[in-house]
Structure formats: C-alpha cells, structure tokens
Amino acid sequence: MDTAAGTLRYVRNEQIASQPPPLLVRGPIAWIREHLLSGPLNIALTLIGLYLLYVLLPPLVKFLFIDAVWSGADRAACREETAGRPVGACWAFVRDRLSYFIYGSYPVAERWRVDVVFVLFAVGIGWMLWLDAPRRGLGALYAFIILPIAAFVLLSGAFWLGLSNVPSSLWGGMLVTFIVAIVGIVCALPLGILLALGRRSKLPIVRLFSIIFIEFWRGVPLITVLIMANTMLPLFLPDNITIDRLMRPLVGIALFTSAYLAEVVRGGLQAMPKGQYEGAMSLGLNYRQMMTLIILPQALRIVIPGIVNSFISLFKDTSLVAIVGIFDFIRTIEAARIDPVWAAPTVNFTGYAFAALFYFIFCFGMSRYSLMVERRLAAGQRR
Amino acid sequence: MATTTTTATAQPSASAAQRNVRAQSAVQMIGVHKWYGEFHVLRDINLDVARGERIVICGPSGSGKSTMIRCINRLEEHQQGRIIVDEIELTNNLKRIDEIRREVGMVFQHFNLFPHLTVLENCTLAPIWVKKMPKAEAEEVAMKYLRRVKIPEQANKYPGQLSGGQQQRVAIARSLCMSPKIMLFDEPTSALDPEMVKEVLDTMVTLAQEGMTMLVVTHEMGFARSVANRVIFMDYGQIVEMNTPDEFFRNPQHERTRLFLSQILH
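Protein chains in written order, with the numbering used here: chain A, 46 to 428; chain B, -15 to 250.
Calculated directly from the structure, the hints in this document are not laboratory data. Glycine included, each C-beta is placed from N, C-alpha and C at the ideal position. Among the clues, some could well be false.
Far from chain A by the CB rule (all over 10 Å, computed), these chain B residues [as the list claims (entries may be wrong)]:
(1) GLN64
(2) MET117
(3) PRO118
(4) ALA120
(5) GLU121
(6) VAL181
(7) ASP219
(8) GLU231
(9) LEU243
In silico lysine to any residue, SDA-like type, Cα no more than 25 Å apart, as pairs [said to hold, decoys possible]:
(10) B:LYS141 <-> A:MET336
(11) B:LYS134 <-> B:GLU124
(12) A:LYS247 <-> A:GLY320
(13) B:LYS115 <-> A:MET335
With the hints as extra help, turn the sequences into a complete structure.
Set out below in structure tokens:
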C-alpha cells in the first residue's frame, strides 16, 4: 500500500475504517514469567517470598483453624492436658464471652435495647451510605436528628417510657467502640470543614482562632487529651456540673480528629482552581452558596482518601479510651482474657486475633467503600 | 455584516463632561486606579458605555484590559475612582456587589464551568439559587438558551465531555440564563482550538445583534470590525486610544497603536 513515507507529495483518498485493537490474551504462565521471573533479582525475590509463605502460612492456618477449639464451657476445653490434643486458637473463649465483648456490663435483661440501637444504626448508616437510596433527605433527618436522640433515650433509659436507667459506666464492648467512632466521625467532619474554611478566611479573628485551634489539637497526643478531659476538666468546672464520663473522651476525640480533618480539607480547598471561585462569583452566588454548591463538593471529592484515612485512624484510636477507664471493645477483651475461668495458654492470642479481625473488617470496609465512592464520582466528570 | 452606526457618544479623551454620572449609561468608570502591591495596573481609566453598546478592548498582555473588565463585576477591587454599573455604584457593600453581579454576566478564557455538574445544572444553578426561580422554570429557561447556542442535545453531559468550543458556548448560555443586562467577555476564544473559534464568535455576533451591551477583551479583529461600536486600545494600564472600528483600523493615531496593529495584522 502506498504510504506517505519517502514520497514528497501524498494525498489520502479513502478513510481507513476503524479496527479492533490487537488481542492481548496471555496465559497465567506468561504472566508469571513476565511479573515474577523477569530477571535474576525478581527470581530471587520470588523465591524468598515463596519461602516466607512456606514458613509462615502453614503454622498460622494450623493455629487458627486446624488445631482450633471451637466449643467448650471453660478453660478445660483449651488446655492440652485436659483436651488431650495440641490446642490452637481457643475460639470457644470468644464464643463464650461474645456477649460481653458486644455489650460490656450492660444489664443482661436490658440488652435488647442495645440490639434495637444496633438495628437503628444499621438502617441509618445503610441509608446514608447507599448513594441511590430513596428519600435520602429523609434519611439524613433520620440519621442525624432522630437516630442520636432515639439511641440516647434507649441506651440510657427514660422513666416516661418505662425504661430503667442504665448509667454509661455500664456500657461497654463494641457498643462503646461504635458510639465513640460514629459520634467522633459525625461531629469531626463538619467541624473540620468549618475550621478549614476558617483558616482560609479573610477575617483575621476567625483565621487566628482556627489556626490556634488546629495547631493546639494537632500538637498534643490523644492520650494526653483523654487524660486531661477525664481528670482535669472536672477540676475547672463548678461542683454542681458534671459531664458524663463517656461524654468527656467523646468530645476530646471529636475535637482532636476535627483538627486533622481541617488540614485535609484545606488541602482540597487549595487544589481548587481560582476560576471556579470566579465562575461562581460572577453568577452572583454568595459565599455560602459558592462554598456549598461549587467549591466543597469538588474539594471534598479530591480529599476523600485523606478523609477516610482520618476516619480509619479514628476508629482504631477509639481503643485509647480504655486509658480513662472506659470499657471499650479492646478493654473487654483485656478483662476477659485474664479471667481465671478461661485461663489457658492460647486465650490471649485468640482474644487479640479476634480484636484484629474486628478492626480489620470495619477499616477495610471503610476503605473499600471510599474507593467505590471515588470511582463513582469520577465516572461522569472525567476531564 | 453589522453596520457600525455608532449610537454612543464616543469620547476619545477624558473630558470634564464625562465625569458626571449619567443615568443612561450601562457602565461608567470615572478616574479608576488600581494597584497590585506596588504595581500600578490601572491608571486613570475613564470609560462610559451606553446601553446596547459593543466595545472591544485590545492591547498587549499585561496592559490591564482583563483587570479593567474584571473590576466591573468586582472580581478585582479598584482602589481609586468610581465605577457605576446600571446606576448602582460599586462600593464595599456586599449587597450591591451581589446586585451588580446579577446584572452582569461574564465569560472567561478558561470557561470556568463547574465540572461536577451537568451542562443543564451549570445553567440552572444560579437562577435557582440566586433568583429563587422554580426548578422547572429554570430548566425551561436553560434549554431555551442552550438551543440558542445550538447545543441543547448536550444538556445532560458533563462539561468535561464537550469540546472547548462547546464548553465556551455553554458558559455563554450559563451567563444568559441570569438574563444579564451587560455581558463581559475576557478573551473568550484565546484558549480554543482554531477550528472552534468561529462557533463561539458566531454566538457572540448573534448576541450583539440582539442588542446586548457587551465589553469584549479579544484579539479577534474581524469580530471587532463587524460588531464593535468602539474599539479601545490599552497599554501600561491606560486607555491609549479609543475610536470607531473603521477609524481605529484605517487610521490609528497613537504610535503605540500602530505598532500593535502592525504586529497582529499581517
């Protein structure tokens, strides 16, 4: 066929019809050769990797599953002497104490109230996270107004409903972990956004306040915040005012996280081109409309990875409330594993493995969800 | 195309009479100065734009032409002098600034469409939120203007899926949806591929024929010849020369203008 190469004059007479791209089907062997064995270094790394898997994986599987004890009433089931076989993970312990891990010391007769709260939360979170859900406005009203009130009334009790009072000192386990994490996330994000806007404000007092606030909370360790909230706050307050002992660390964690989120959000605001502000202003939108309709939707989308990073970090940091004597999930495991009823060699490991699994499931879930949201938001508007 | 019957009282130099506020003017700039730090960007700008007048502003880069029209809707703040837009004086009063921005539409070099909203949403946003127009009505208005810029079929796409020329036409439609009395164009064709310039210019010509008051910063001299009532040449933050397009191109008075025209007209 005649081509332009090598000739001085050339005019194409017919258009080339578009053709499908060449097929690139390669088998697994080609893939392995290309990715794992493509040179001496990669071959060596592959071999080392395989060796590590060989060393680590079988004992882990053996401990967690093959030798594991799945049922039993007390330590006898999980001790080699009494069980008469090598004992791995003592899942019987987790099964036996599961309700303690979930509810803490919440009175057994009232635990249905916690279950109702869990269901209410599941509905609220599902409604909010499912982006195509019907009536999301109603869902937001439910999740942010009705749900917190209902949950509080149910958990702490109300005489006018015939629910006995359960002081927050009895709350514990996953219940507390969820409460601290959810309240922390729901309060910290709006506060963080306001702080980020404040730090970029033209008003000097607002800006100064935001900077001081952010730098203060970022400058102190969370443990310090919790201990201060727990022991020093009551000293400053008048005698007749007491803040609930669960409330104190809750506020501390929310403020602490909001400072980090503020900086994440500020990063997103700074990434916005000036033209977006000008476009919005030239149409006559005021500051609030410009921010809520134009700037924040785009800026927050940019920083979803950073925001979710902070949420995941917060979720795991909730375990620090144990420091001030609150029985969160980790603390219940700590308490249960030293219980003489279940004194067996592998109970410690099992308890921690269960805790790791619990945290991993939720953190991984958040991570995957955020990826899904990012992809979805990016789909329509790729530039 | 359009005959250049000048309806405005073209006053090439800043005379004392011009310093009076006149009710029939769309835009009046009286002795306007502006500085960026130490840099004096606008120097004694005096300009009176009559209603329905089309003004083309040209000049070398950094001459202050964009800054000048951006002062009209307060994207830039002037530090001295007076600017009166549609009988409203620009001050630091935020309410007045919003009022003026509702009257003045602006089209930017880089379109500045909102990439997270569809074309239709881009157009209905301001009518709904600023004018409190019901959604259905806003969409009707938006579709009317999208038809007018000849892209109604793109209404449900995102700006990123359109070509540069289409995006700029959406930007024009978006401004028109607020039914502005004055339109500012800040180099609307400079960021476009050569093949797309014409479709945007055609849209602007139509707009001019309908009697819109327009201030256009552009180097499209063909557009200036056919549409403008007056052409302004700026340099060093000053209005150096102002004249009808015929006179401006045929017989430029200032040496700097002649040099500039010889550079851009080959």
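* Any of the earlier hints contradicted here, and which numbers? -> As far as the earlier hints go, not one is violated by this structure.
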